[in-house]
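These protein sequences, in sequence, are chains A, B and C. Per the numbering used here, the very first residue in the first sequence carries number 7; after that it's consecutive. Per the numbering used here, the very first residue in the second sequence carries number 176; after that it's consecutive. Per the numbering used here, the very first residue in the third sequence carries number 32; after that it's consecutive.
Read the hints as simulated data drawn from the structure, not as lab findings. Keep in mind that this is a model prediction, so the values were computed, not measured. Careful, some of the hints might be misleading.
[To be verified] FRET-style restraints, in silico, Cβ to Cβ:
| hint | chain 1 | residue 1 | chain 2 | residue 2 | range |
| --- | --- | --- | --- | --- | --- |
| 1 | A | M297 | C | R77 | 25 to 33 Å |
| 2 | A | F61 | C | Q236 | 16 to 24 Å |
| 3 | A | L430 | B | T189 | 26 to 34 Å |
| 4 | B | R406 | A | L399 | 56 to 64 Å |
| 5 | A | N371 | C | R41 | 53 to 61 Å |
| 6 | B | D392 | A | I509 | 34 to 42 Å |
| 7 | C | V58 | A | G76 | 43 to 51 Å |
| 8 | B | S345 | C | Q236 | 25 to 33 Å |
| 9 | A | L327 | B | S345 | 43 to 51 Å |
Here a beta-carbon is modelled for each residue, glycine too, at the ideal position from N, C-alpha and C.
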Amino acid sequence: MSLNRGFPIRQILVALVVIPALYLCFNIYQTGNFLIALITLIVICLGAFIYLSEFGYTYRYLFPGFLGFGLFVIFPIVYMVVLSFTKYSSQNLLYFDRALGLLRQESFPVGNATYSYKLYSQDDGTYILYLQDEKDPTKRFASEPIELKAGEQAKGEEEAGKLRALAQGEEVKGRPLEVAQVTREKLFIPMRGRQFALPDGMLVGMEGLQRFGAREPLWTLNPDGSLTNKDGTVIRPDFKLGYFVNSKGEKVGVGFRTFTGLDNYIRIITDPRIQGPFLKIFIWTVAFSAMSVILSFSVGMVLAVILEWKDLRFRRAYRTLLILPYAVPAVLSILIFKGLFNQEFGAVNQFLRGIFGAAPEWETNPWGARGMILLVNLWLGYPYMMLICTGMLQSIPSTIYEASAIDGSNPLVDFFELTLPLVLPPLVPILISSFAFNFNNFNLIYLLTAGGPKMVGGGIAGETDLLVNYTFNIAFRDSGTNYGLASAIATVLFIIVGFLAWINLKLTGRNVKI
Amino acid sequence: MSEGSVQIKELVKTYTDDRGRPTFTAVKNINLNIEDGEFVVLVGPSGCGKSTTLRMVAGLEKITSGTISIGDRVVNELEPKDRGIAMVFQNYALYPHMTIFNNMAFGLQLAKKKKEFISDTVGRTSKALGLDQMLERKPHALSGGQRQRVALGRAIVRSPKVFLFDEPLSNLDAKMRVQMRSEISKLHAQLGSTMIYVTHDQVEAMTMGDRICVMRDGLIMQVADPLTLYRQPENLFVAGFIGSPPMNLLKGKIQRREGGLFFVESAEKNGLTIPLQGRIESLASKYVDKDVIFGIRPEHLSDEVKDGTHAPVTSTVEIAEPMGSESLVYLKAGTGNMIARIHGEHLFHLGEQVTVQLNMDKVNLFDTATENVIR
Amino acid sequence: MTSNQRVLVRKVCAHAFLIFFLTLVLVPFVMVISASLRQGNFAPSRLLPDKVSLDHWKFVLGIPYQEVVNPATGETRTIQSGTPPLLWFWNSIKVSMIASAGIIFLSSTAAYAFARLRFKFRSTTLSALLILQMFPMVLSLIAFYVILDFVGQYVKWLGLNSQPGLIMIYLGGISNYIWMIKGYFETIPASMEESARIDGASQFQTFMRILLPMSLPIFAVVFILSFISYMSEYPVASVVLQSSDNWTLAVGANSFLYEQEKLWGRFSALAVLSGVPITVVFLLCQRFVIGGLTSGGVKE
Numbered sequence: 007m008s009l010n011r012g013f014p015i016r017q018i019l020v021a022l023v024v025i026p027a028l029y030l031c032f033n034i035y036q037t038g039n040f041l042i043a044l045i046t047l048i049v050i051c052l053g054a055f056i057y058l059s060e061f062g063y064t065y066r067y068l069f070p071g072f073l074g075f076g077l078f079v080i081f082p083i084v085y086m087v088v089l090s091f092t093k094y095s096s097q098n099l100l101y102f103d104r105a106l107g108l109l110r111q112e113s114f115p116v117g118n119a120t121y122s123y124k125l126y127s128q129d130d131g132t133y134i135l136y137l138q139d140e141k142d143p144t145k146r147f148a149s150e151p152i153e154l155k156a157g158e159q160a161k162g163e164e165e166a167g168k169l170r171a172l173a174q175g176e177e178v179k180g181r182p183l184e185v186a187q188v189t190r191e192k193l194f195i196p197m198r199g200r201q202f203a204l205p206d207g208m209l210v211g212m213e214g215l216q217r218f219g220a221r222e223p224l225w226t227l228n229p230d231g232s233l234t235n236k237d238g239t240v241i242r243p244d245f246k247l248g249y250f251v252n253s254k255g256e257k258v259g260v261g262f263r264t265f266t267g268l269d270n271y272i273r274i275i276t277d278p279r280i281q282g283p284f285l286k287i288f289i290w291t292v293a294f295s296a297m298s299v300i301l302s303f304s305v306g307m308v309l310a311v312i313l314e315w316k317d318l319r320f321r322r323a324y325r326t327l328l329i330l331p332y333a334v335p336a337v338l339s340i341l342i343f344k345g346l347f348n349q350e351f352g353a354v355n356q357f358l359r360g361i362f363g364a365a366p367e368w369e370t371n372p373w374g375a376r377g378m379i380l381l382v383n384l385w386l387g388y389p390y391m392m393l394i395c396t397g398m399l400q401s402i403p404s405t406i407y408e409a410s411a412i413d414g415s416n417p418l419v420d421f422f423e424l425t426l427p428l429v430l431p432p433l434v435p436i437l438i439s440s441f442a443f444n445f446n447n448f449n450l451i452y453l454l455t456a457g458g459p460k461m462v463g464g465g466i467a468g469e470t471d472l473l474v475n476y477t478f479n480i481a482f483r484d485s486g487t488n489y490g491l492a493s494a495i496a497t498v499l500f501i502i503v504g505f506l507a508w509i510n511l512k513l514t515g516r517n518v519k520i
Numbered sequence: 176m177s178e179g180s181v182q183i184k185e186l187v188k189t190y191t192d193d194r195g196r197p198t199f200t201a202v203k204n205i206n207l208n209i210e211d212g213e214f215v216v217l218v219g220p221s222g223c224g225k226s227t228t229l230r231m232v233a234g235l236e237k238i239t240s241g242t243i244s245i246g247d248r249v250v251n252e253l254e255p256k257d258r259g260i261a262m263v264f265q266n267y268a269l270y271p272h273m274t275i276f277n278n279m280a281f282g283l284q285l286a287k288k289k290k291e292f293i294s295d296t297v298g299r300t301s302k303a304l305g306l307d308q309m310l311e312r313k314p315h316a317l318s319g320g321q322r323q324r325v326a327l328g329r330a331i332v333r334s335p336k337v338f339l340f341d342e343p344l345s346n347l348d349a350k351m352r353v354q355m356r357s358e359i360s361k362l363h364a365q366l367g368s369t370m371i372y373v374t375h376d377q378v379e380a381m382t383m384g385d386r387i388c389v390m391r392d393g394l395i396m397q398v399a400d401p402l403t404l405y406r407q408p409e410n411l412f413v414a415g416f417i418g419s420p421p422m423n424l425l426k427g428k429i430q431r432r433e434g435g436l437f438f439v440e441s442a443e444k445n446g447l448t449i450p451l452q453g454r455i456e457s458l459a460s461k462y463v464d465k466d467v468i469f470g471i472r473p474e475h476l477s478d479e480v481k482d483g484t485h486a487p488v489t490s491t492v493e494i495a496e497p498m499g500s501e502s503l504v505y506l507k508a509g510t511g512n513m514i515a516r517i518h519g520e521h522l523f524h525l526g527e528q529v530t531v532q533l534n535m536d537k538v539n540l541f542d543t544a545t546e547n548v549i550r
Numbered sequence: 032m033t034s035n036q037r038v039l040v041r042k043v044c045a046h047a048f049l050i051f052f053l054t055l056v057l058v059p060f061v062m063v064i065s066a067s068l069r070q071g072n073f074a075p076s077r078l079l080p081d082k083v084s085l086d087h088w089k090f091v092l093g094i095p096y097q098e099v100v101n102p103a104t105g106e107t108r109t110i111q112s113g114t115p116p117l118l119w120f121w122n123s124i125k126v127s128m129i130a131s132a133g134i135i136f137l138s139s140t141a142a143y144a145f146a147r148l149r150f151k152f153r154s155t156t157l158s159a160l161l162i163l164q165m166f167p168m169v170l171s172l173i174a175f176y177v178i179l180d181f182v183g184q185y186v187k188w189l190g191l192n193s194q195p196g197l198i199m200i201y202l203g204g205i206s207n208y209i210w211m212i213k214g215y216f217e218t219i220p221a222s223m224e225e226s227a228r229i230d231g232a233s234q235f236q237t238f239m240r241i242l243l244p245m246s247l248p249i250f251a252v253v254f255i256l257s258f259i260s261y262m263s264e265y266p267v268a269s270v271v272l273q274s275s276d277n278w279t280l281a282v283g284a285n286s287f288l289y290e291q292e293k294l295w296g297r298f299s300a301l302a303v304l305s306g307v308p309i310t311v312v313f314l315l316c317q318r319f320v321i322g323g324l325t326s327g328g329v330k331e
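If we strip away everything but chain A, and leave its shape as in the complex, we get (with noise of 0.2 Å):
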């Protein structure tokens, strides 16, 4: 468009993106993470390519938004989708190079050659590793330049470090530590999943604080995949287990992320500990949803249409006074419902009780549970279907009203007659998104109950949890995460409101011109 008038701010200002963006991907590159260094080169080469070139002009306005929609919204989906085909929980947390790393680390010490030790603390921040043979002092060894974090446990992913042989007389550079600083100064967490190799092969590892002593590997990898223990043990990795296992088939070591192909799918359908619960959170979700919607609805026409009566006093006051639970943040009055159904101590049952005599049981009834979390949603949800109607009962001319009341007709009959049917259909894909919004509404069900109380026989399952908190609840709570599995009920959930909002979309589409 603007051709070289004066100033390339374009140019300038693209440059001042992409350098940064570069220097980022070079990093990544450098720290051998070689496929997302590619995938982020091309996105920055598309990007500069968008903004310097007229053939992308269109692209310009788009690409900022997809690149943010592309990473937080297509990629965990992607990712999920990906996941919920494998075998992937906290028994089976590490990929399988690692637990076959791990494996291969274990080590047991061997013979008795021990060496005393010294860190040197190099200038850069790095150290140096001494050792001196505590038999033979002529024996001493240096190591590269290695970096320790104070307190920080060591991944046990590493190579061991290369151990050179130190000549008669020759000293090692930089400031040496004690022992005592080495523990006080907690270098030796770090230092204690390390190992070294010396010229010759032989490992060597710590051995309590004071010294290093010689190791070897426990296990030995052979060429079919398998590894060979000292004591003759045989193990192989069992692919569809995601453990090693040796010949009675026991596990052995620490699992291990693995393809499954539909087994998270074929277990959602069988297995009766998760088919039960899931059936049973499947109806309770779209009942909630359902209910929640007419509910909210129904309240909210009826105060539009009183509302709507323009002999009735005081109209704006009760409107803004009704429209209060819309613009108090939803987080807080959620929590302060929790406060009021509290069954012991709440205002709620301390109301009926001073009335009745008796109270609901909120929080351990699962009936009582249900019908406060649907009374607490219709009282954050009336508001704004009450906006929503209102804006619709005002596009209705007034003169039908006139009509019908020439023609004798009552307002209950005006309400049925004419004003529903003029104002549903067109309400039709709101409704359908209040409910596809009510059929994931994580935070109303997390905070008013958590679920609870517990479903019998149902683990980790609650009466009160949607869909989508069974779902987060098998993903992260206690020790049963399970991502893999977790993932596969989320593609589904997935599947059934991308199906929603794709009718609401055909519905909608007789309305709106895409």
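Starting from the structure of chain A, add chains B and C where the hints point.
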């Protein structure tokens, strides 16, 4: 060739959808030459391609094929601002968040004109249009007619070679429309610039245009000055479109009976039979026993015999609309209906039998198959 | 009954119903205010506090106060919050404001392309946006964690436990707003922009100088709606933000209500202090929001 002439050659516009597949051809190969300083009106029913043509001249629509030249330059690839045009839109397209002054000055500001020049030009133009008292107002504070003038003023300050109008009067009430019509005509006389004016209103077209270009379905049906268009329509469409009330059109055949030629209305029974005499007879002789359409304008039906060749037709009055100076009489003759525009001295009554005289000198015959006039 | 009497009866009924309903709606607010002023940490249960004390308010505002430890001896100790809870409110405002401004930038530019420019798969992309956004944000948490953990290795201030990181995640939720703004753009006649083009404005100038100033009302709506929704967002914020001085209001408020000890008084004081300004701002902007809600979803 002079600066303000516009030449349209073999112009085609085909719309495509998101994926580039053709959906609809709005303009199908049209040719039109507009002289410098001419006022040309493009008229036709909605969807005939007149607006699309105008928007291609403006550069708002890409041209599928063909060329448009303004002055000596082919402008197909030029940006709108570089074409030497200005355009007035149907909804005026005034920028609601800018004052009237800024609305008019916007183009000049973008062109980086000097401040004094801008305020001078806008001041002069607004004075001429009677807008100088409201330069600091926003468009919503103006009446419809004033907004229309601002839109005109915004076009004028650009001092274009060619003015483009896209149905500029259709949002005004009837009285305002008549007034603005004459103002635009006056403006044309003052500035002497070329003007291309799109409308669906044939009265506007007839009153304003030096020449009128009638379009239908992406094709030009006829280009002519208003009177030629009215008197000598080249085809059935123009005959029916121009004129209010429209030309009476009767379907039938030419037959030779008792030595003379007759137009016989196609009907089960009671079809009209009209003897063809004079000028029309020689035209009809080529179409004996063929389908033709017989066209006659309402004012050429009369209840008294005047000069020239006339054919009497007996008919019944169905509706009479006396308008003072004249009456519109809806007649049932044979199986068809005809409208006559007759002097207002006589009051007609429902069901009255009237013998009307058709002025055969003014009759047009059309070929039913090609819909073209028979010459 | 005459028709006048009938109308009167109806009016009385309507007022009675509205007042009854309003009582149900408003009582919780009154109780929260009362709980925040009541001595001790009781769940909201009274319309008026029995013993008035400003301790909870002082705690929330970070002002030290004396608490009686042993009623018999009258022994007291000084209590002051480490992180003043009102800071959470400020954090929330900051995060929600910046995220909403970013949302407007991202969604208005994209909406412009969808409303006015032609490109391949335009309508398909639009539908896909809406359907994909249906994926609940909570279930993306694993992926969010992975992303922020990764980014944090290279850019510390954008990683886990950082507010910019949280804002970055929030910027993904643009598709509803794209639809809303696109709907508004389409109500603006295209001839405005065409006129500007003839006046010599480039496409970008048209966007900036004609379309954007005309769309301020819808931007106000989008800003308010996204602001409110981010003020209330809990799950993502609770996972991303770990240290208490980074917390948002939602995370902080919930932290008062542990399973073992529920500090209702402190919670109520925080709820009142932070809820009131937001509510007031919302009510002031009411007109905008109502207009936007009805025009965004359905087009008449």
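Consistency of the hints with the structure:
| no. | hint | verdict |
| --- | --- | --- |
| 1 | A:M297 <-> C:R77: 25 to 33 Å | 31 Å, holds |
| 2 | A:F61 <-> C:Q236: 16 to 24 Å | 20 Å, holds |
| 3 | A:L430 <-> B:T189: 26 to 34 Å | 41 Å, violated |
| 4 | B:R406 <-> A:L399: 56 to 64 Å | 57 Å, holds |
| 5 | A:N371 <-> C:R41: 53 to 61 Å | 40 Å, violated |
| 6 | B:D392 <-> A:I509: 34 to 42 Å | 39 Å, holds |
| 7 | C:V58 <-> A:G76: 43 to 51 Å | 46 Å, holds |
| 8 | B:S345 <-> C:Q236: 25 to 33 Å | 29 Å, holds |
| 9 | A:L327 <-> B:S345: 43 to 51 Å | 47 Å, holds |
Consistency note: the structure conflicts with the earlier hints numbered 3, 5.
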